[in-house]
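Enquirer: Those protein sequence lines, which keep their order, are chains A and B.
Quick note, the numbering used here runs 49 ahead of the 1-based positions in the first sequence.
Quick note, the numbering used here runs 7 ahead of the 1-based positions in the second sequence.
Simulated from the structure, these hints should not be mistaken for laboratory data.
There's no promise every hint is true.
Mimicking DSS-like on lysine-lysine, the simulated pairs with C-alpha atoms at most 25 Å apart in a straight line are [to be verified]: (1) A/K89 to B/K43; (2) B/K75 to A/K90; (3) A/K85 to A/K58; (4) A/K85 to B/K74; (5) A/K71 to A/K58; (6) A/K71 to A/K116; (7) B/K74 to B/K43; (8) B/K63 to A/K120; (9) A/K58 to B/K43; (10) A/K85 to B/K75; (11) A/K116 to A/K93; (12) A/K71 to B/K75; (13) A/K90 to B/K77; (14) A/K68 to A/K116; (15) A/K68 to A/K89; (16) A/K120 to A/K58; (17) A/K90 to A/K68; (18) B/K63 to B/K43; (19) A/K68 to A/K101; (20) B/K63 to B/K75.
The chain contents come next:
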Amino acid sequence: DTAVSQTPKYLVTQMGNDKSIKCEQNLGHDTMYWYKQDSKKFLKIMFSYNNKELIINETVPNRFSPKSPDKAHLNLHINSLELGDSAVYFCASSPQQDSPLHFGNGTRLTVT
Amino acid sequence: GEDVEQSLFLSVREGDSSVINCTYTDSSSTYLYWYKQEPGAGLQLLTYIFSNMDMKQDQRLTVLLNKKDKHLSLRIADTQTGDSAIYFCAETTSGGSYIPTFGRGTSLIVHP
Numbered sequence: 050d051t052a053v054s055q056t057p058k059y060l061v062t063q064m065g066n067d068k069s070i071k072c073e074q075n076l077g078h079d080t081m082y083w084y085k086q087d088s089k090k091f092l093k094i095m096f097s098y099n100n101k102e103l104i105i106n107e108t109v110p111n112r113f114s115p116k117s118p119d120k121a122h123l124n125l126h127i128n129s130l131e132l133g134d135s136a137v138y139f140c141a142s143s144p145q146q147d148s149p150l151h152f153g154n155g156t157r158l159t160v161t
Numbered sequence: 008g009e010d011v012e013q014s015l016f017l018s019v020r021e022g023d024s025s026v027i028n029c030t031y032t033d034s035s036s037t038y039l040y041w042y043k044q045e046p047g048a049g050l051q052l053l054t055y056i057f058s059n060m061d062m063k064q065d066q067r068l069t070v071l072l073n074k075k076d077k078h079l080s081l082r083i084a085d086t087q088t089g090d091s092a093i094y095f096c097a098e099t100t101s102g103g104s105y106i107p108t109f110g111r112g113t114s115l116i117v118h119p
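Only chain B is shown next, with the shape it has when bound in the complex (with noise of 0.2 Å):
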């Protein structure tokens, strides 16, 4: 399997929260990362967490990390139609040259 799995779509209706959940196999990490790309664009830092955090907040972004389950998720709160992207969940970790690994993308769909 993929070193780093997300769901590929997800769709909610704009005010509503958004969450987007990201899986890794690496329990060597040491930075998470999500990042967002626009239609033609690269690829945008979010926000970040580093392992042995739980949860980061950062305006209506909240980031929350199980480490044991190795399971991170991003939630957006009051998602607005401009959130509509793609989001890529990435890992760093001690055994891959912390050269980041990312996911295949969540494609958030926000309906007004």
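Bound-form chain A, shown alone (with noise of 0.2 Å):
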């Protein structure tokens, strides 16, 4: 199936513990983009990668790190977990940079 696939889909972790999730997409899309959803669904963008360029949102911690091994793929690595990171972590992806998003199914974590 083509597809944008996360894992894993359920994340249970501790506080202070080290973290990925991984992402690809089968659609040879361009850009690929994380983003969080919190509790009440507000879905903010964490990061977007197009051709080697990678934008932050100046808001998330330094903790939280995408790493791209190659166009099809955009992981997220998370870095000393606090309680405040639980939310579903949605991946994405786009054709090019202003073009419509291809949703993951997305990954809830949740960090006790």
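Hints in hand, dock the two standalone chains.
Expert: Here's what the structure looks like:
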């Protein structure tokens, strides 16, 4: 199936741990994104990655770092997890900038 | 205030039309989007409109754009129980690196 896939779907971990969420798209898109959706369903952009150009939302703590080994992958690494990091994280891709996004199904992160 | 605003809830009876409204602040918008999110899933693109258009119709969906008032609406004709979901309005702007900014979502509840 052509899609944006994220793993894992659920992630439960303790404060202080380091974790990663993987994202892959097989749509041949040039741009990938990470969004955070809080408990009130508010979606906030964290990162956008296009042709090796990384655009970072300045409100994102530097404990969060995106890593793109190739055009089809944009993984999210989180160091020293905090309770407030609990949320659903969505990966998305688009053919190029300023075109519709295709979303993955999300990763629900719970920090205890 | 927020860049993209929506009312949080809308309740309609099955078979009626639903109208979900959205206002935005940035006049340099390029595209405006409507996404649908069902429980436990990612966002699914429903439709979108280029900023120099006034209206777009796609089967049961009609999008109206009033650029002067910075107002976008989504009309769903003959609303069905399967249309119950959260609907997000989003905007891309030339001044925002073309990264979509989302509203907080409108929960549509369809009663039988």
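Enquirer: Run every hint past the structure and note whether it holds.
Expert: Okay, the hints, checked on the actual structure:
For the hint linking A/K89 to B/K43, the alpha-carbon distance of about 16 Å falls within 25 Å, and the restraint holds. Simply put, B/K75 and A/K90 have alpha-carbon atoms about 29 Å apart, too far for the 25 Å limit, and the pair is violated. Restraint check for A/K85 and A/K58: the C-alpha separation of about 14 Å stays at or below 25 Å, so the hint holds. Restraint check for A/K85 and B/K74: the C-alpha separation of about 29 Å exceeds 25 Å, so the hint is violated.
This hinted pair checks out: A/K71 and A/K58 have alpha carbons roughly 10 Å apart, not beyond 25 Å. Restraint check for A/K71 and A/K116: the C-alpha separation of about 9 Å stays at or below 25 Å, so the hint holds. Restraint check: the Cα-Cα separation between B/K74 and B/K43 comes to about 23 Å, which is no more than 25 Å; the hinted pair holds. Simply put, B/K63 and A/K120 have alpha-carbon atoms about 33 Å apart, too far for the 25 Å limit, and the pair is violated.
Using a Cα cut-off of 25 Å, the hinted pair A/K58 and B/K43 holds, with the two alpha carbons roughly 19 Å apart. In summary, the hint linking A/K85 to B/K75 is not supported, as the alpha carbons are separated by about 31 Å, beyond the 25 Å threshold. With a C-alpha separation of about 19 Å, the suggested pair A/K116 and A/K93 falls inside the 25 Å cut-off, and the hint holds. Distance check on the hinted pair: A/K71 and B/K75 sit about 42 Å apart at the alpha-carbon level, beyond 25 Å; violated.
Proximity of A/K90 to B/K77 is assessed by CA-CA distance (about 23 Å); at most 25 Å being required, the pair is judged to hold. Distance check on the hinted pair: A/K68 and A/K116 sit about 13 Å apart at the alpha-carbon level, within 25 Å; holds. A hinted pair counts as satisfied when its Cα atoms are at most 25 Å apart, and A/K68 with A/K89 qualifies at roughly 24 Å. For the hint pairing A/K120 with A/K58, the CA-to-CA distance comes to about 22 Å; that is within 25 Å, so the pair holds.
The straight-line distance between the Cα atoms of A/K90 and A/K68 is roughly 23 Å, inside the 25 Å bound, and the hint therefore holds. Pair hint B/K63 plus B/K43 holds up; C-alpha atoms about 17 Å apart against a cutoff of 25 Å. Annotation: proposed proximity of A/K68 to A/K101 holds, straight-line Cα distance about 23 Å (limit 25 Å). Straight-line distance between C-alpha atoms of B/K63 and B/K75 comes to about 17 Å, which keeps the hinted pair within the 25 Å bound.
The structure shown violates the earlier hints numbered 2, 4, 8, 10, 12.
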